[in-house]
Amino acid sequence: MAASGESGVSGGGGSTEEAFMTFYSEVKQIEKRDSVLTSKNQIERLTRPGSSYFNLNPFEVLQIDPEVTDEEIKKRFRQLSILVHPDKNQDDADRAQKAFEAVDKAYKLLLDQEQKKRALDVIQAGKEYVEHTVKERKKQLKKEGKPTNVEEDDPELFKQAVYKQTMKLFAELEIKRKEREAKEMHERKAGMGEWTAGEISRQIQRGRRRRRIGPSFGRQK
1 MAASGESGVS
11 GGGGSTEEAF
21 MTFYSEVKQI
31 EKRDSVLTSK
41 NQIERLTRPG
51 SSYFNLNPFE
61 VLQIDPEVTD
71 EEIKKRFRQL
81 SILVHPDKNQ
91 DDADRAQKAF
101 EAVDKAYKLL
111 LDQEQKKRAL
121 DVIQAGKEYV
131 EHTVKERKKQ
141 LKKEGKPTNV
151 EEDDPELFKQ
161 AVYKQTMKLF
171 AELEIKRKER
181 EAKEMHERKA
191 GMGEWTAGEI
201 SRQIQRGRRR
211 RRIGPSFGRQ
221 K
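Numbering-wise (full-length UniProt numbering), the sequence shown opens with residue 1 and increments by one.
Be careful, since some hints might not be right.
[Claimed, not checked] In silico DSS-like pairs for lysine-lysine, Cα to Cα no more than 30 Å straight-line:
no., residue 1, residue 2
1, Lys117, Lys98
2, Lys117, Lys176
3, Lys108, Lys139
In short, the hints are calculated from the structure, not lab data.
With the hints as extra help, turn the sequences into a complete structure.
The structure is reproduced here in structure tokens:
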């Protein structure tokens, strides 16, 4: 996972906004072509630069709505897993393997009801954030005596805003998870280092005691 991908997701700035909108537009174009579900398009969608963060949303990976049933999730998994399976795409096996792993991971996550609920909570939080932001902007415009029309009044632009915010939330949670794991690993290593130093100290003390005991025993003889 590239560092540039991480900064692009969590950072701000015009270039980031433009990059996101370009990515979003291209993904949506691919999704339209995917109405025929081709292996090439699915592999491209799941492995293109920046997809590692977009693939954190299991519903996006499987291209299904959060409201679908478990049976529909299984059906979609079977469709996609066959399309992107490396054995079926030997001319692009490496990328096919990555795409297959993304599909498999998303499917397994959604089979776990606890993890599925977490994903649904993130999606809901993204939607609520956008709704709150739009409401506040309208309130401010009204206060200033201006028309309260905002771009998110367009359903497609509202959907884009929710998509973008949801992606950011998934990415931020993933970054925090990795930071937490790195911290825990560092603490474990530090603990092992202290334990090793303590053991060395004890071994030295034992050696000193043995040296003191040895000569005194010889003098008694």
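A quick look at each hint next to the structure:
1. Taking the CA atoms of Lys117 and Lys98, the gap is near 25 Å; set against the 30 Å cutoff, the hint holds.
2. Distance restraint check for Lys117 and Lys176: the Cα-Cα separation of roughly 19 Å lies within the 30 Å cut-off, and the hinted pair is therefore satisfied.
3. As the CA atoms of Lys108 and Lys139 are separated by approximately 43 Å, the hinted pair breaks the 30 Å bound.
Checked against the numbered hints listed earlier, the structure breaks hint 3 alone; every other hint is satisfied.
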